[in-house]
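Asks: Turn these sequences into a full structure, and let the hints guide you.
In this text, residue positions in the sequence shown follow our numbering: the first is 1, and each later residue adds one.
Check before you lean on any hint, since a few could be wrong.
[Stated by the list, open to error] Here are the simulated distance ranges between beta carbons:
1) K26 with D269: 22 to 32 Å
2) E148 with D249: 36 to 46 Å
3) A188 with G323: 12 to 22 Å
4) N220 with A251: 12 to 22 Å
5) Q289 with Q119: 51 to 61 Å
6) K69 with E36: 15 to 25 Å
7) A188 with A49: 52 to 62 Å
8) D123 with E278: 43 to 53 Å
9) E95 with R128: 13 to 23 Å
10) N348 with E95: 32 to 42 Å
[Said to hold, decoys possible] Taking lysine-lysine pairs in the DSS-like style, the calculated list, with each CA pair at most 30 Å apart, reads:
11) K66 with K26
12) K281 with K66
13) K281 with K184
14) K286 with K184
15) K91 with K156
16) K217 with K281
17) K184 with K314
18) K217 with K246
19) K314 with K286
20) K156 with K209
21) K189 with K281
22) K246 with K314
For the record, the hints were derived by calculation from the structure and aren't laboratory data.
C-beta atoms are modelled at their ideal positions from N, C-alpha and C, and glycine is treated no differently.
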Amino acid sequence: MPSTPASTKGRIGVLLVNLGTPDSPKTADVRRYLNEFLTDGRVVDMPAAIRYPLFRGVVVPLRAPKSAKVYQQLWTERGSPLLFHGLDLKKMVQEQLGNDYLVAFGMRYQNPSIESALQELRDAAVDRIIVLPLFPQYAAASTGSVQEKVMEIVSKWWVVPSISFISSFADDPGYINTFATLGKAEMAKRNYDHVVFSYHGIPERHVLKGSQNGYCKLANCCNHYNKNNRYCYRAQCYETSRLLAKAMDLAPEQYTVTFQSRLQSRLRDPWLQPYTDEVLKEFPGKGIQNVLAFSPAFVADCLETTIEVGEEFKEMFEEAGGGHWQLVASCNTHPLWVEAVVDMIHRN
1 MPSTPASTKG RIGVLLVNLG TPDSPKTADV RRYLNEFLTD GRVVDMPAAI RYPLFRGVVV
61 PLRAPKSAKV YQQLWTERGS PLLFHGLDLK KMVQEQLGND YLVAFGMRYQ NPSIESALQE
121 LRDAAVDRII VLPLFPQYAA ASTGSVQEKV MEIVSKWWVV PSISFISSFA DDPGYINTFA
181 TLGKAEMAKR NYDHVVFSYH GIPERHVLKG SQNGYCKLAN CCNHYNKNNR YCYRAQCYET
241 SRLLAKAMDL APEQYTVTFQ SRLQSRLRDP WLQPYTDEVL KEFPGKGIQN VLAFSPAFVA
301 DCLETTIEVG EEFKEMFEEA GGGHWQLVAS CNTHPLWVEA VVDMIHRN
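Replies: Set out below in structure tokens:
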């Protein structure tokens, strides 16, 4: 009898990608990271002839020593939380997916690189690749940059397998359930007057540049999530907030959506508003003394969550006369988050 032909199907490759982190909190490593990050044309969308000399020659040399001190506060025995949570997530997702999949992890900036992660999948001759940038809300400066980098790398391969991208998961039930569960656990410990959903800010022009047929007005257009704004970062932030509020039984007046981490003066270059640091200072005057803060743009704890929201904003709130400010931890490797990632991969 003729032998049964062997299957030509290989494993499915999964590429998990997060933003990046310095190799160490030393100034030289922080400078190297910032140089790569801040000269990305999707992060700072100005002509390269201006961008490179401005940031490599002026901004980064001034910023690196200060950032290094902050990274020293963040660093643990295991190193950067963004890195070790990513590696742990990779391992856990691999265990749940099984041998039909091969999971790799890379960073958009620095190490482990996207290129090394893709090479791992290429060496394994995977049948196709699913790319999951670990940014819930799509932005050209984060998800878009990852997609561009992946395509740039594979364009040099002689054989390019099928590749698909999970471009956003701002309304994914598993993602929402994970953050809501973490939030409800904190709410069970204390009565909170108000909840803040603080998202990483981006320049308003980034939102307007991605607007479909001029739909975006940076106003009430984000009140409803629909086909016209499904890739609008601002609209996705508001949709995530509405879903989290619903999952935690919060009325609209019980929470505020804000934006953090702006790089430049709003007078020269307005970023998405309202700004978290300005809003929180007004709370005590309104009788808001206990605040529960989320940073739902990040699925792993990092400088922007642990230090900025967890420590710097806490200090600002207390100095303004506030009482208790509590950061809700990111998804990290919570079992519900691991399940959510596995489910997204299966669906794609």
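Asks: Next step is simple, just say for each hint if it's right about the structure.
Replies: Right, here's what the structure says about each hint:
1. K26 with D269: 22 to 32 Å: The hint (22 to 32 Å, Cβ to Cβ) holds, given that K26 and D269 are roughly 30 Å apart.
2. E148 with D249: 36 to 46 Å: 40 Å, holds
3. A188 with G323: 12 to 22 Å: 18 Å, holds
4. N220 with A251: 12 to 22 Å: 19 Å, holds
5. Q289 with Q119: 51 to 61 Å: The hint (51 to 61 Å, Cβ to Cβ) holds, given that Q289 and Q119 are roughly 53 Å apart.
6. K69 with E36: 15 to 25 Å: 20 Å, holds
7. A188 with A49: 52 to 62 Å: 55 Å, holds
8. D123 with E278: 43 to 53 Å: 50 Å, holds
9. E95 with R128: 13 to 23 Å: The hint (13 to 23 Å, Cβ to Cβ) holds, given that E95 and R128 are roughly 21 Å apart.
10. N348 with E95: 32 to 42 Å: 19 Å, violated
11. K66 with K26: 11 Å, holds
12. K281 with K66: 24 Å, holds
13. K281 with K184: 24 Å, holds
14. K286 with K184: 24 Å, holds
15. K91 with K156: 28 Å, holds
16. K217 with K281: 27 Å, holds
17. K184 with K314: 20 Å, holds
18. K217 with K246: 26 Å, holds
19. K314 with K286: Status holds; Cα separation ~17 Å.
20. K156 with K209: 29 Å, holds
21. K189 with K281: 24 Å, holds
22. K246 with K314: It holds: about 25 Å lies between the C-alpha atoms, which stays within 30 Å.
In this structure, the one hint that does not hold is number 10.
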